[in-house]
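Residue numbers (this note's numbering), protein chains in the order written: chain A, 1 to 462; chain B, 1 to 281; chain C, 1 to 429.
The set of hints was computed from the structure by calculation and includes no laboratory data.
Note that the structure is predicted; figures quoted are calculated from it, not measured.
Keep in mind that the hints are not guaranteed to be accurate.
Computed Cβ-Cβ distance ranges for the label pairs, DEER-style [unchecked claim]:
(1) C:Thr-195 to B:Ala-45: 52 to 60 angstroms
(2) C:Gly-133 to A:Glu-115: 46 to 54 angstroms
(3) C:Leu-39 to A:Leu-11: 49 to 57 angstroms
(4) C:Leu-420 to A:Lys-360: 33 to 41 angstroms
(5) C:Phe-194 to B:Ala-45: 52 to 60 angstroms
(6) A:Leu-41 to C:Glu-130: 53 to 61 angstroms
(7) C:Arg-28 to B:His-100: 27 to 35 angstroms
The C-beta atom is built at its ideal place from N, Cα and C for all residues, glycine as well.
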Amino acid sequence: MQSSLLIILVLGMVAFGYLFGRRRSIAVSRNRGGITRLHSLPIYYGFYTALWVGLPALAIVMMAVFFEDSIITRLVIAGLPDQLRELHPDQLGLVMNDIRNMATGNIVAGELTAELQLASEHYVRLQAYADRVTWILVACISVLSLVFVRSRISPELRARNAVEKTVIVTMMVFSTIAILTTLGVIFSVFYESMLFFQQVPLSEFLFSTKWSPQIALRADQVGASGSFGSIPLFAGTLLVSAIAMLVAVPIGLMSAIYLAEYASPRFRAFTKPLLEILAGIPTVVYGFFAALTMAPFIRNLGERLGMDVASESALAAGLVMGVMIIPFVSSLSDDVINAVPQSLREGSAALGATRSETIKRVVFPAALPGIVGGVLLAMSRAIGETMIVVMAAGLSANLTANPLESVTTVTVQIVTLLTGDQEFDSVKTLAAFALGLSLFVVTLILNIIALRTVRKYREQYD
Amino acid sequence: MDTLPAARQKPGLSDLHLQGTVGDVSHPNPRMSCNDVDVYYDNGAVHAIKSITLDIGNQEVLAMIGPSGCGKSTLLRCLNRMNDNIDGCKVSGSIHLDEHDIYDRQRDVVLLRAQVGMVFQKPNPFPKSIYENVAYGPKIHGLAKDKTDLDEIVETSLKRAALWDEVKDRLAQPGTGLSGGQQQRLCIARAIAVSPEVILMDEPCSALDPIATAKVEELIDELRAEYTIAIVTHSMQQAARVSQRTAYFHLGHLVEVNDTDKVFTNPEHHLTEAYITGRFG
Amino acid sequence: MTEAAKSTIDLVNASLKKRYASERRFRRLGVLAIGLGLLFVSILFFDIFSKGYTAFQQTHIRVQVYYDASILDPEGTRNEDDLAFADYMALIKQGLRDVFPEVTDRRAKRELYQLVSPGADQELRKRILENPGLIGTEEQVWVRANDDIDMLIKGHIDRDMPESNRRVSDRTLEWVDRLEQRNEVEKRFNTGFFTNGDSRQPEQAGIAGALMGSFYTLMLTLLFSFPLAVGTAIFLEEFAPKNRWTDLIEVNINNLAAVPSIIFGLLGLAVFINFFGVPRSTPLVGALVLTLMTLPTIIIASRSALKSVPPSIREAALGVGASPLQTQFHHVLPLAMPGMLTGTIIGMAQALGETAPLLMIGMIAFIVDVPQGITDPATVLPVQIFLWADSPERAFVERTSAAIMVLLAFLITMNLTAVLLRKRFERRW
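So that you can see chain A by itself, here it is in the shape it has in the complex (with noise of 0.2 angstroms):
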């Protein structure tokens, strides 16, 4: 599929579309007394009949895009011999790809046998007739609408609001894509996460407390394809979220308070964006970092101290992504504590409190329903944070609540589960669709109530 050479016709016609209209608009205007006679301007010609050049081969390369190779599979498929048609989906996909491979002329996984020569051949020949016939019906659709629109164009039509309200229904359009984004995430997760829960049952999912997904190796160990109890992932999420909390939390709170009620312009001005500097840090770097410098150098201090530290703790984890939330939890509070009016610091202020007073007692007091909504908002993101916990957290799912064992977390598990080579509908890959739902789920009602809560506090002062 030549899709880039097909794309630039398209891009061609459109181009001459527009010279196109915007000539035949003044040699129409030119009998009538000139361009002026013209409803819209010539551009708007143009622009109009490159629309309805462009738009109706758009369509075309989009759904030989999408359909040409299913179409074109199913076709090499029914003329494959029988044994190979009835081979178990998994293995005719191999097939397929192996046909696939000859037919761009890679090296094939398979053995070479005679009928596969022949169908990737069959293949090379229907694509070549598929793309053919994709040029033919873009160039056919466009000339037609070329001679279409050339009968249109007359000073009367109007082409500035015809081209306007396509741009204005395209960004309507767009506008729905945050929608449909949203819809995917629910129908595709949930769908998958449905056909879990049919081998899988939700209780266990929901109370088991034992998570091994790995297949038994025994018959009659415990749930003979692995077990699926949740709990132990949530509690190890838990944890190393907790952890986070009680570092970002304090750390960023007083800062923002700092920052806000006592620091001077210039001393604000310096160190804000060098503490905003920890948000713009991808995550992989502070995983890098978990890893190879925070957790030995918890262990070595454990073992100095003389307790037994995991190389792969919680606590290292937990740690580092308090750091990374620190500039989140600083800068949302900020603009919630820089939100409180002025007015009620003075108003305390005269009283003679002093400013801690008048913070702890006049301002903290106000801003808290706003500092919450934050610190949820923090929560959901170090809940559904992945990199740090990949690297630096374990992967065995220990239930406990010492920070300096190994625990594993809803995304590690995720992560582990999905990029392994498992085939897609085993029950492992389905199981991180499962947790991915329960983690939407989780950090989607915190994200609502963390917004509400803001914005009711920012009505309140505005």
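Got chain A sorted already, so can you dock chains B and C onto it with the hints?
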């Protein structure tokens, strides 16, 4: 300000500086006295108050009037050092409260503000209950020995602020839920709960409707029995109604200080006259 | 003075000392918090820098090479294909044997050959293919040392450790020392780090593949997300009726901004790869996922940029008879553009640093070749960092850190650009 060019043609304005304040700046029994006070903003770029000398007498209501930007609020805020919080604000000269210079290095600003309370232009109750609003000052300063003591302070303050009857059944409700006039009286109650000696009021009625204004004015009149009050106001009628002495400010200068009756019936300075007769403001 | 006032002064005075002490304590807490924050920033940067700066140099060993025609081109055809597959390693091995003629034992010889990188022959191959005339001549060539030797020279391997615990044997140590005495070991600028693709051999591994992967992914993300976000922002801010539907969209966008990134990876896997059949591991699918992720950021920034354009501008344009869309494109959009661009750069910086969702869609694969297009399997810089961080070889630690330094350099540049852009075009109405 836009009518200023007209005023400028009158004699006297240009040599305002040389002429000094007319009337009587001193008081036989002063509570606070300002001596040659200058205030600068923006590290000296703006000269907001120009060598003002003024006494505020014991248990009197002193009204400070003048067009916008004349420095009356600035002077008021100097009296309990609220300007300390503004970056680049500098105060020179001396302001005394009972013989003590309030800008003295040794002087404690917390203590000063406990003695000199303030009520603001816009009512600014804390987002707490009515009770907590009034109890705030006594609590931070440790004025109450126990809960009953505190209850008593709250009750007396609310009664003095003439708010008790309206709120006694809903002390636990948020102060922000009261009407504007009630909120302002709550702020006054909050200020008197720490038993200050002086109360500063910065246009306390400008955000209130006439009925609420009348109530607050009535209250100010009653409070005079125990407190010294300095009030900044835009309303000349209000100044005439509540004050015993009136100070007229213009462009950072204190133009005239006299008994209120005299200022409003027979001002000594033509600028005062121009202002009270409504030729600018 | 009234009784009450007098008691006020006394009571306040009595409590002052305690209150000021608490004030100082509180203030110190604030300073402490900021200090801790800044401390973390500096520790992080210091740690990465001190681990990584050595990776920009690579130890090379000078070997005397005789381009033996009987090895390279026994048939004398000078055919390019034959030359490309010739055994160049043999030449290097010969050169090493010449330096250490006393090494005869087979095991010792094998150890000797391990002084140089298994990929050291590539350099020779390149030279011969460029200039076949070199065959039959002799020259001195600097070839890459093996990663263990590299670590030894850079001081990451403790010579005083017992031999059994050490990655480098006593024998090798002695050879290296001898080479060093003869000035045949040298640290040179590691160009390979910027021009090579990934490799299992640390001394061969470079970030070129990941950089190109990141470049393609980011460009596509920009191409997809910018028009989408700007269109959405204009529609929601300027044209959309205020009703339940637009409210829903708005709440949705705010929520999407806070959905964990890994969820977008799941979406990409289930929808783009399995449903639409977009090829795995490619910049294309990566860009699709990152587009959905960065959209909310850019939309929110664009909307606030549009909001900050005063309504008077719109009224003026509409007043002279411009259509609503002309008003937008001729007047509002140019004024809002700096804000939108700032948001876009910040969104792109986020996308550049994002790792987790890309793991889900197969960009984690080990890929040696530098990708040539948007449908070639590729990886991106942060994923490369993740992969290297997982590798056990000590030499990968410094390379990981170096790759992080490169990534941070890009991110800091982007964020600085955003800040400067905002400063430059900030307008108060």
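Given a hinted range of 33 to 41 angstroms, is it respected by the beta-carbon distance of Leu-420 of chain C and Lys-360 of chain A? 38 angstroms, holds
Range agreement (Cβ of His-100 of chain B with Cβ of Arg-28 of chain C, hint 27 to 35 angstroms): 30 angstroms, holds
Phe-194 of chain C versus Ala-45 of chain B beta-carbon gap, inside 52 to 60 angstroms or not: About 54 angstroms separates the Cβ atoms of Phe-194 of chain C and Ala-45 of chain B, which means 52 to 60 angstroms holds.
Pairwise beta carbon distance, Thr-195 of chain C to Ala-45 of chain B, judged against the given window 52 to 60 angstroms: 58 angstroms, holds
For the hint 53 to 61 angstroms, verify it against the beta carbon of Leu-41 of chain A and that of Glu-130 of chain C. The hint (53 to 61 angstroms, Cβ to Cβ) holds, given that Leu-41 of chain A and Glu-130 of chain C are roughly 58 angstroms apart.
Using the Cβ atoms, figure out if Gly-133 of chain C sits within 46 to 54 angstroms of Glu-115 of chain A. 50 angstroms, holds
Pairwise beta carbon distance, Leu-39 of chain C to Leu-11 of chain A, judged against the given window 49 to 57 angstroms: Check passed, 54 angstroms falls within 49 to 57 angstroms.
Checked against the numbered hints given earlier, this structure breaks none of them.
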